[in-house]
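Starting from the known structure of chain A, arrange chain B on it as the hints suggest.
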Amino acid sequence: MGALKLTVLILAWGGIIIVLGRGFSVNRLLLAVSNATGFAAGVAVGALLLSTLQGDASFAVAKAVLSALFLLHWLVSLAALYRSTGEGTTVERFQKMSNNPLSAACCSIAVGILAGTICSFRFIPQGGEVPLLTVVIVGFSGVCLTAFFFGVEQFVPKMPVPTAEVLMAIVVSFILFASSSIPRLDLFSPLVMKVMKLIHDIVHQFFESMLIPDHLFFRPEVWNYIGLLFGNRVGLWGGMLIWFTPVLLVAAAIRLERLPSVAHIRQGAERRTLLKAHIRERRTRLVAPLIAGVMLAAAVFQSRFPAVEYWDPKPLKVAATPSGSIFIPLTGEIDLKDGKIHKFLFKERGRDARFMVLQNSAGGYTVTLDACSICKPDGYGQTEGAVICYYCKTLIPLETVGKPGGCNPVPVPFMMEKNGIAIDGAALLNLWGITVQATNRVKGAAR
Amino acid sequence: MRRIGNVFFSVLSSRALPPLVMVFFLIMYAGIAVFSDEALAMLMAQIRRNPFLTILLALIPLNAVIRLVRETARFLRRRRLIKTGRCEGLVPGMFDEMIDLSFSPSLARLQEQLAATGYRVQATETSLAAWRGVTVFPARILFLAGMIFLFSGILFSLTTRTTRREMLIEGEPLSWATGERDRIENVSLQEHAGLFFNRALTVKLATHDGIRKTFGLYPPSRYQGAFLYPRYLGIAPLVRFSAPDLPGGFETHYILMIYPPGKEDSADIPGTAYRVFFSLAPAESGDDPFITGRMALLFRVLKEKEPVATGRVLLGGESSKGGYRLGFPDFRRVVATDFVRDHGVIPIWMALVFFAAALLWWLPARFISPRREIFFVQGFNGIHAVSRAEGMRIRHGGVFHAALDSLENNRATHD
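If you read the protein sequences in the order shown, they are chains A and B.
For the first sequence, the numbering used here begins at 1 and goes up steadily by one.
For the second sequence, the numbering used here begins at 1001 and goes up steadily by one.
Chain A on its own, in the form it takes in the complex:
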């Protein structure tokens, strides 16, 4: 499993180096040094973030940078399509920038820093002192790999000079491919989650704004169709649409480029040859977005099927006392102090509720439903530093378990007693009922 993750990172870094080597027509040594320096600096930055920022903050910073990069990729792709389909405009080539050593070095260093930071998040443990030896080993490995891939790059077939948006599309796709191998840096799952929420919000708001009555009055089959909009499949497909759109826009920008005017040429054969050459060149340039698309698809695959095993204990059946209280001892059949989630199942009069108890890093306890207020109650599994919602694959940092909102497990009120935790059974069943009803209901699902 570890080797697989390593392969992903090596592949991504190799891909980035080869693409940059092909994209910039400047001195190879300059590019290699810039890339290696950037990578080493990135590893140092990552190590610093992990040791200085507490909790999920270091991952949040890295994810924010990745999100900004993805957004920039979106804007650049939009601009490319705008330019390409504009009237009387021509697509400017990347020629000037690719020949400029300063811009080439800056781009290489920036990309190196990003790649180095991602690698450091994979290898360097969070918190405590900076592990200097690990930092040096990871940084040195990156530098060696840079040299190796620059050697390999010479054997890669020549490609047409890419435009800025094409180069960006490939580099960003490799970066996202690398980051998706680390669940806490993965952007796709949170994107799916946000899309689900956005679609839900829009449909709900549309119903409210257009004064459309609630589901009580709808034919069930019509309501079931509307209900499709709230499933995770729509979130997944919507997320994929947003994920792949920049690359599709770049491809469309290439495909929709106007052919040059050949009306002034009076030799039919010459005209056809010229047009054919342009069409062929256009097709060749489509290979780059295709590669970017493949890498993004690989990132989606990693995100949907992460190579991580989750701690997911079988829920233990519990019963309520005559006063209606559920008591869970801190130690006994289950040790609540081990920092793992522990699941319980409470059944009463045909109603049931699944909940979990977790000791947080401060030593306190958190009781939550094994469900959130948005997704269907497929439950949670625990991985390093986070729990994952099985339905939408969103990672919830352990520090935030117990806080309400989003895809966080719904907090359950409880009383901390001397030797255990007491929960009101009826309140638990009601809370589960409301949550499950809300997530199975269509309109207003997250209310």
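Keep in mind the hints are simulated off the structure, nothing from the lab.
Any given hint could turn out to be false.
Label pairs and their in silico Cβ distance ranges [unchecked claim]: (1) Lys1204/B - Ile199/A: 32 to 40 angstroms; (2) Pro313/A - Lys1204/B: 28 to 36 angstroms; (3) Ile199/A - Phe1196/B: 35 to 43 angstroms; (4) Asn100/A - Thr1084/B: 45 to 53 angstroms.
Predicted model only: the values in this text are computed from it and were never measured.
Heads up, the beta-carbon is just placed ideally off N, CA and C, and yes, glycines get one too.
Chain B in isolation, oriented as in the chain A frame:
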């Protein structure tokens, strides 16, 4: 100043403006979503409160208006040019390809050639126009009109919408917004085999001057300029309650939003430790009790969180257990209704109609028979040849180039 004005107008009419504004709001939404679960509601509230955001959103319909005017003008100029056959109106950018021929050949033979390739041809003394296919221009106009209506509607809705919730209770006067005592006569729910809805809700209202009005579900009816938006159904029973420590009893009307069956609502008995939970019992026959009127209530009586009595009572009946007595001698149907003043509802629906019409026009026009035009016009120093295609560009380009070759060959033959 004029230059600034030109730049301002260029920005306003740029086709990049709407996507940029939308991206801005999407980023805002994503930013708010990090901190709040109610991102869209918060974003709407921000747009409502912040004049900068309101103006920013207003740029989209404004841009659509300007583009609609400009694109219509350009279309009409091109049409006029082809119709009149005069070269004065010909400007670069009007067509995809434009070439000047330094000689003035006869266009007569070209007419036959173009007609043979399936183009309709119209010739004047100084020009030759050939075209085929259906233009997507109407779809474009419909689309832009849709954009204007949609974003104007959203803007109106965000800035002017007011909502007031009222309980419409059978037999009770409607107090909202009027000193005149209009009264709800009847509330009924029926089975209804509609395209979208399977129930029909009818609220009958008698106005103070004797006129009877009926309000349904959808499209929403209006009352004094406000749309009626029924939200929830419930009942208002007269509850008669007595307990061992409350022998004198207690009687009042409650409004309980307990539809559909199973939904629970509760009410406190004022001045006591009692709280009663109610829900509508599902009918054994499977019928909807709200429709049939044969309703039974399930109840739980709690005294300081301790259950002291539970049971099931038909509306109109009474239950008595262990000194606790609960009866419902009378009940009325209730509809929780929002009275909404919103000038954006109709424009938004109209926008959806425009978008649908635009799509219905665009799809066949663009993919089955796109508009292709060729135009030759006699200028001062020769012939101007222009070509334009909304689709099938390569094939159309071939026809245009063949026509130019033909003119060149004619000249060579004549020379």
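Quick rundown of the hints versus the structure:
1. Between lysine 1204/B and isoleucine 199/A the CB atoms are about 38 angstroms apart, so this pair conforms to the stated range of 32 to 40 angstroms.
2. Range check, proline 313/A to lysine 1204/B: about 58 angstroms between beta-carbon atoms, so the 28 to 36 angstroms window is missed.
3. At about 20 angstroms, the CB distance of isoleucine 199/A to phenylalanine 1196/B disagrees with the hint of 35 to 43 angstroms.
4. Here the CB-CB span from asparagine 100/A to threonine 1084/B is close to 52 angstroms, well matched to the stated 45 to 53 angstroms.
Checked against the numbered hints above, the structure violates hints 2 and 3; every other hint is satisfied.
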